[in-house]
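2 protein chains.
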Amino acid sequence: MRRAIALALENIRTGGGPFAALVVKEGHVVALGVNQVAAKNDPTAHAEIVAIRAACDALGTFRLSGCDLYSTCEPCPMCLGAIYWARPARVFYAGTAADAAAAGFDDAFIYDEIKLPYRARRIPMAELLREEGNVVFKEWAAKADRIPY
Amino acid sequence: MRRAIALALENIRTGGGPFAALVVKEGHVVALGVNQVAAKNDPTAHAEIVAIRAACDALGTFRLSGCDLYSTCEPCPMCLGAIYWARPARVFYAGTAADAAAAGFDDAFIYDEIKLPYRARRIPMAELLREEGNVVFKEWAAKADRIPY
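Residue numbers (my numbering), protein chains in the order written: chain B, 3 to 151; chain E, 3 to 151.
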C-alpha cells in the first residue's frame, strides 16, 4: 500500500489524478495503475481499471484469481464492478469513498444514484426494443463454443 | 438500437460476447463498442466501456455531454459507473440485467453484492493505512493547476 501511495503522489506531480493501484500475486507486483482520466481523455482510466487491465494483460487472462488489489482509495462503483468481473482474491484500500468525496470526486454521489429507481436518477435511462434485442442472448445460448465469463 | 443489436450478433459470430453499444451525438454515431473480454483478456472490455473510451478519444474529451449511449443490454454496475463518470445525456438499453443473468452473465449478482456490507461480500475488502493514504488528497487539494473531473 505504501508503494501505491507513493505512486499516487508521483502521479499528482506529473499531472494525473491522486489515485494509484497495484495488483500483487504470490508476493510479486504484477501490474501498476495510476489515474489517467484527464491525461488520456478516458473517463474509465481510474487507477484500479488501469491496474486490472495491465495485470490481465501481463497474466494472459481475464480473471485475477489468487491476486490481491491494493488501491489508494476505496473503489468507485465502476471500479468495484471491474473488481467483481476480474475476481481478485482480496481488495485493500486506504482512503474511503467519503475521503474521495471530500476531495471533490463523485464516488459517493454515484453510489447514491445506483440505489435510486431509474426515473429518479440524474442520467435518464430507458428500455428500448427489449424483445428485438433478446435475439443476441438466444444466439449466444445456441453457440456451442462460447467462452463463459 | 437496431444497429447495436446487429453489431452484437456480428460480435458473437466472430468470437466475442453478445453485447454492443454505440455513442450518438447530434444524430451521428461517434463511436462503436463490442464486448472484447475474452478476445482481449480484458475484464473491463464491456461494450459500453469500449464505446465510451472510443467516443472520448474521438471527441478529445473525458465527458460525453450531449451524447446518447445505446447499449444492447442494461449496463452492469461497472458500466453504469463509467456512464456516470462520462455523463452522457441519456442511456437506452434493450435487454435487461435479468435477461443478461438468464443468459449466464453476472450483472444481477454484482448489483446484489454492491448492496451488501463489505463483511458479507464474496470478495473481501479491507481498509489499510487510511491516515497515511490521505496525504494524496491533501497534495491534490494543494495543487493549484489540477483538472477537476
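Errors might be hidden in some of the hints.
No distinction is drawn between identical chains; accordingly, a pair holds when it is met within one copy or between any pair of copies.
[Said to hold, decoys possible] With a straight-line Cα cutoff of 30 angstroms, these simulated DSS-like cross-link-like pairs (lysine-lysine) come out:
1. Lys27 - Lys42
2. Lys145 - Lys42
3. Lys140 - Lys42
I should point out that these hints are in silico values taken from the structure, not numbers from a laboratory.
Going down the list of hints, with the structure as the test:
no.: 1; hint: Lys27 - Lys42; result: both (28 angstroms within a copy, 21 angstroms between copies)
no.: 2; hint: Lys145 - Lys42; result: between (37 angstroms within a copy, 19 angstroms between copies)
no.: 3; hint: Lys140 - Lys42; result: between (37 angstroms within a copy, 23 angstroms between copies)
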